[in-house]
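Undergrad: If you want the building blocks of each chain, they are given just below.
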Amino acid sequence: MENFRLLAPLAWRNLWRNPRRTVITLFVVSVGLWSVLAMASFITAWAQSSRDATLRLLLAQGQIHAEGYLDNPNIDRLMDRPDATLLAALNAPEVSNWAARLELPAVVQSEYKTLPVSVVGVVPEAEIRISSVPEKLVEGRYLSGPEDDGAVIGLNLAKRLKTALGRRVILMITGEDGWLEERSFDVVGIYDADTAFEDTYVFTGQTAMQNMVGVGDKIAQIAFEVPQDDALSGVVDSLRAAAPTLDIRQWRDLSLMLGAMDASMDASVYVWMSVMMVMISIGVINTQLMAVFERIHEFGLLRALGLKPGHVLALVTLESVLLIGLGVLIGMAMGAATVWGLRDGIDLSAFSQALEAFKSGEVLYLEIKPIDYVIFPLAIWLLGVLVALWPAWRAAKISPVEAMRHAT
Amino acid sequence: MQHKGNEMTAIVSCKGITKVFGKGELAVHALRGIDLDIMEGDFATLAGPSGSGKTTLLNMIGALDHPTEGEVTVDGQSLSGLSKSALSDLRLQKVGFIFQAYNLVPVLSARENVEFVLRLAKVSVAERRSRADAALAEVGLQGMETRRPSALSGGQQQRVAIARALVGRPRIVLADEPTANLDSKTTGELVDLMYRLNQDSGITFLMGTHDPRVMAHSKRHIEMEDGQIISDTRS
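So the sequence lines, in the order shown, correspond to chains Z and S.
Residue numbering for the first sequence follows this note's numbering, beginning at 5 and increasing consecutively.
Residue numbering for the second sequence follows this note's numbering, beginning at 5 and increasing consecutively.
Worth flagging that the hints you see were computed from the coordinates, not collected in a lab.
The structure displayed is predicted, hence computed values, not measured ones.
Ideal Cβ positions, reconstructed from N, Cα and C, are used throughout, including at glycine.
It is possible that some hints are incorrect.
Said to hold, decoys possible - Partial list, derived from the structure: chain S residues whose beta carbon lies under 10 Å from chain Z:
1) Leu-91
2) Leu-94
3) Leu-112
Stated by the list, open to error - One-sided excerpt, in silico: chain Z residues whose CB lies under 8 Å from chain S:
4) Glu-6
5) Leu-10
6) Leu-14
7) Asn-18
8) Arg-21
9) Glu-302
10) Leu-305
11) Arg-307
12) Leu-309
13) Gly-310
14) Leu-311
15) Lys-312
16) Pro-313
17) Pro-404
18) Val-405
Unchecked claim - Label pairs and their in silico Cβ distance ranges:
19) S/Pro-110 / Z/Asp-348: 46 to 52 Å
20) S/His-33 / Z/Lys-401: 25 to 31 Å
21) Z/Val-279 / S/Ser-128: 48 to 54 Å
Please construct the entire structure, taking both the sequences and the accompanying hints into account.
TA: Take a look at the structure:
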């Protein structure tokens, strides 16, 4: 402790012998850390936004199907409505919302074009709680109930079919008997999502669709949401226990690409942090080596006065601890200020077309995860001190008589 | 250890000191079998031309370097085989240094520079403050305790260096060309100061110097040439 009291003020004053160099190092460390924190919060916000937007559109956080439906989603692989056991599990507080859907491959035809689509028979009252499609209507109305035999189609599909609100389209779906059922639907609403989604999904009332294909009250899937994504695995397990014959999966297993994107977001933060750490390390080594070489004579003097090699090592290391520590504190403050300054979100609506490819929301809300706010600064601080041990070790090894010969 | 002809104690004893820098044909024999005792209370000068081995010998005595052959004893303790840490302790407790080029720590004030060795020796705050201020007063720097070296003249800086060398109450003060960078007036003042400290407090001084004004005060004059002592006279 006595040594610390001796060396700490000396180390602090030594930092400011060359203020320009100290300020440059502080800049490198603080901006490096700030960029890591800002990048982490931006990517986290982006990943969160993309994930929420995709899950909210139709996927939800999990889905229940009959065994084999996902491999071959046809009318032979539908399931019954949930029984009492499954219903109890779905209505438990761990599940925030759920909706039953009938989804089948179909062909939609206008006067001009015939295109393949997926028709989704929905219960609007439940769908409104779990899907963002009803919020994305740009023309007309959403479905009024399960018996509603109107069609809600995507904006791009409407363009490709050269149809419009109030006109009729014909949907053709393979029925229970294996024959192609066809029926005309009024276009009652047009929604605006991403182009691929718009081209794929057509929505109609569930009962109307069941009647058309003759499947009674059978459904193709139950989509469900949980209040916290962390609790998802537990909920999936309890649903599997309630319905062991059904295929119950969470979104990561349903959309492998989305799962991979979600995982790669973290990886990209760590790649960026690695790049920053290398740059910071080079800067710190360079600075501390210069600081040591400039003071070789002085280290010789201090050794001649009785300072031990370990004291010299401690002195130079302490300078690094203080220098990098100060840089890290400034970087943390800059990171926090950035997040606070952008607390109302980053409005990316001007780039909405570009964002469509990433399925991101238009407003990103930055947030630094508490663990990131501890791990990234600590990692940079420890690495900086670690790399500065080399110059410190060199300083400690200097023979006093050789050092005293060194020109001041 | 006794000096021939009187009862003074030898503070430093060098036996057969040889120092060779480099190897083979490039070897330079800086010291060639030096035998020397520095007695308690000596005010001795070590003179000789450049390259005669004065600084090398001072480095050996100050435990800053080790001889190729021979043994140095400081205050009865042989330096042979001591670790770097033990040598640091010995320098701290028994040797005071005054160097040619002031050699103060630029980020410390005059008082802090003087206190530094006391802090290393773990002297209490109150005692080191009073001892540092007393040492600075002794060298005529009362009122300048808080000045940094950059705010002191060359002579004042060397006075601080003298105060620092003395404050730890060393057994011997080694000074290597202490007046080399000073004007004649300041040199005279500093030599008078060191001489007074020697006379009043009995502090032992060994000074490597070319300066005739320093040698004029010397009570013992050691002359070196080519790494050997060619004369050792007392006045």
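Undergrad: Next step is simple, just say for each hint if it's right about the structure.
TA: A quick look at each hint next to the structure:
no., hint, in the structure
1, Leu-91, "holds, 9 Å"
2, Leu-94, "holds, 9 Å"
3, Leu-112, "holds, 7 Å"
4, Glu-6, "holds, 6 Å"
5, Leu-10, "holds, 5 Å"
6, Leu-14, "holds, 7 Å"
7, Asn-18, "holds, 6 Å"
8, Arg-21, "holds, 6 Å"
9, Glu-302, "holds, 7 Å"
10, Leu-305, "holds, 5 Å"
11, Arg-307, "holds, 7 Å"
12, Leu-309, "holds, 6 Å"
13, Gly-310, "holds, 3 Å"
14, Leu-311, "holds, 6 Å"
15, Lys-312, "holds, 4 Å"
16, Pro-313, "holds, 6 Å"
17, Pro-404, "holds, 5 Å"
18, Val-405, "holds, 4 Å"
19, S/Pro-110 / Z/Asp-348: 46 to 52 Å, "holds, 50 Å"
20, S/His-33 / Z/Lys-401: 25 to 31 Å, "holds, 27 Å"
21, Z/Val-279 / S/Ser-128: 48 to 54 Å, "holds, 51 Å"
When the structure is compared with the earlier hints, no violation turns up for any of them.
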